[in-house]
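These protein sequences, in sequence, are chains P and Y.
Numbering of the first sequence is given in my numbering, commencing with residue 1 and proceeding in unit increments.
Numbering of the second sequence is given in my numbering, commencing with residue 1001 and proceeding in unit increments.
No lab work stands behind these hints, which were simulated from the structure alone.
One or more hints might be untrue.
In silico lysine-lysine, BS3-like type, Cα no more than 25 Å apart, as pairs [claimed, not checked]:
hint, chain 1, residue 1, chain 2, residue 2
1, Y, K1077, P, K295
2, P, K189, Y, K1295
3, P, K295, Y, K1284
4, Y, K1061, Y, K1253
5, P, K253, Y, K1023
6, P, K203, Y, K1189
7, Y, K1253, P, K295
8, Y, K1023, Y, K1077
9, P, K189, Y, K1284
Stretches of chain P that chain Y covers, calculated by requiring three or more beta carbons in the stretch to come under 8 Å of a beta carbon on chain Y [stated by the list, open to error]:
hint, segment
10, 155 to 164
11, 252 to 260
We put the CB at the ideal spot given by N, CA and C, even for glycine.
2 protein chains.
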Amino acid sequence: MSLVIVGSVAFDTIETPWERKEKIVGGSCTYCALAASYFTRPKIVAVVGEDFPKQTIRLFKKRNIDLEGLKIVPGGKTFFWEGRYGFDPNQRSTIRTELNVFQDFRPEIPPAYKKADILFLANIDPDLQENICRQVEKPKLVAMDTMRLWIESKPAALRRVLKQVDILFANDEEIRMLTEERNLIKAGKKILGQGPTLVIVKKGEHGALVFGESLVFGIMAHPCEDVVDPTGAGDSFAGGFLGYLDRVKRFGKKEIRRAAVYGSVLASFTIEDFGINRFRSLTKREIAGRFLHFKRLVSF
Amino acid sequence: MSLVIVGSVAFDTIETPWERKEKIVGGSCTYCALAASYFTRPKIVAVVGEDFPKQTIRLFKKRNIDLEGLKIVPGGKTFFWEGRYGFDPNQRSTIRTELNVFQDFRPEIPPAYKKADILFLANIDPDLQENICRQVEKPKLVAMDTMRLWIESKPAALRRVLKQVDILFANDEEIRMLTEERNLIKAGKKILGQGPTLVIVKKGEHGALVFGESLVFGIMAHPCEDVVDPTGAGDSFAGGFLGYLDRVKRFGKKEIRRAAVYGSVLASFTIEDFGINRFRSLTKREIAGRFLHFKRLVSF
């Protein structure tokens, strides 16, 4: 099978109550692809400027990520985001965003990507997400993520994309905004009537809830004593989830449950270090170990 | 085995964003004993006034709760609490408290209770909790609950009680206050050095975490679409937890895990109706059904 991920590859400046990191590599597509790379060979569609570090390109290659769809704009500057976290890692605020090469980005799916089995529309402008849907030929599974900005600024486009996807990844705030429903269980079920057949509600340190027509699955977040940087947890979750599904080639209830656990495991590693640092050393063996630890954590 | 519960039996006025109920029966001991009564025959130590409803006494008897330690003060008025919940059921504020018969309450353990195997010090003044500890002869297990009021107003007495108990039940806010540690995993582990060998951190709609020297167990809250009244969820958790342990007569890791699930199950029923209403109809069969549903919810 094959997994295509469309999203941002970016520079982030991150401030937590304890530390500040200037201009480190981030982006929804970056985290998702790195996480998925432990299960499959993800193909990415994204854009960066000439200022994007060679070292990270080498990491992508080392992780066997297919970079045919990564456009490098000569003389261009990479998308930049600055965010700040409070003591509650679930709460963050955007300080600054510079679109740069993303301003005129019209994602083009390379011919070799068109027969993707799984397509992930990571958090980008819903107009772009819709455009991408048109370019891929009958994928078996389409998943999407979004953010507050698009729910508020482009609700109509977002609704149109929602109708075309099988899976929605959303955090608790987003799902409440989308459904105008405070209770997460009701909100999750409500979204099922709007397009997706599966909704994954991410609750940060409190784990995630998975809703399908005849499936409710709850998963803890792996207990973490030191959340160094929460950035990318959601995208790593999606990467672990979809990467696993791409590997096992089945979308049954059992696979969905295990995919959610792998999503949670990958997210739990990401937050242990700033940016994508944890992926420089993370091994498959560590992932397998934490999966088992997880099983012990919740078994009774 | 036998379980003795010391705490409050009270009147509550409850306000949620949707409804207000005046002077309904509540109290930490009430919820805990009702929940425990599905597993064992709890003995309660508490005080009420002459105004306490006969109908509730009949419910206690019907649920086979041992009332020898329930003191009814002639002409006295029952303890009263008024609280208000916001849209987030985890957040509540106390509007009014009237101690009434609780003002001069000096709990006395009846002779038939002194050989209790499990003693639960529900949320009352830590000076009273300490006094009770002295009256019970070598219980196998002592558990306690507390609240923000005592952490702030009687920290020294609270520390002394903490040293004498095996299990602490606390919510996320309380455990953070007790340890001055924001991260719940660190906070839970920190408390283990202060007396208890087991800590149960209750996170409301997000479930609970159980920490022991060589045990970490995480449990979801049962998904609930309509939280009618969150009052008593924590005490019902403790009641289900300790009632189950009293029934199985073993305190191993396996039993602790299952006890936590039963705690969560009982709490999930309590919040489906105002006050103790749900206990009027709740059956063992429903509890068994939800336990199994729970297992399906988290299995992978």
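Taking 25 Å as the top limit, are the C-alpha atoms of Y/K1023 and Y/K1077 close enough? Cα-Cα ~12 Å, so holds.
Is P/K189 close enough to Y/K1284, meaning Cα to Cα at most 25 Å? Distance ~29 Å between P/K189 and Y/K1284 Cα, so the pair is violated.
With a cut-off of 25 Å on the C-alpha distance, tell me whether P/K203 and Y/K1189 pass. holds (23 Å)
Restraint status (C-alpha distance of P/K295 to Y/K1284 at most 25 Å): violated (28 Å)
Are Y/K1253 and P/K295 close enough, with their CA atoms no more than 25 Å apart? holds (15 Å)
Just to be careful, I want the Cα atoms of P/K189 and Y/K1295 compared with a cutoff of 25 Å; is the pair within it? holds (20 Å)
Hey, P/K253 versus Y/K1023, does the alpha-carbon distance stay inside 25 Å? This hinted pair is violated, its Cα atoms lying about 46 Å apart.
25 Å Cα cutoff - pair Y/K1061, Y/K1253: Violated, at about 33 Å.
Counting residues of the segment 252 to 260 of chain P whose CB is closer than 8 Å to a CB in chain Y, do you get three or more? This one holds; 4 residues, not fewer than the three required, reach chain Y with a Cβ under 8 Å.
Three residues minimum, CB to CB under 8 Å: does the segment 155 to 164 of chain P make the cut for coverage by chain Y? Let me know. The restraint on the segment 155 to 164 of chain P is violated, since only 0 of its residues have a Cβ under 8 Å from chain Y and three are required.
Between the alpha carbons of Y/K1077 and P/K295, is the straight-line distance 25 Å or under? violated (51 Å)
When each numbered hint is compared with the structure, violations occur for hints 1, 3, 4, 5, 9, 10.
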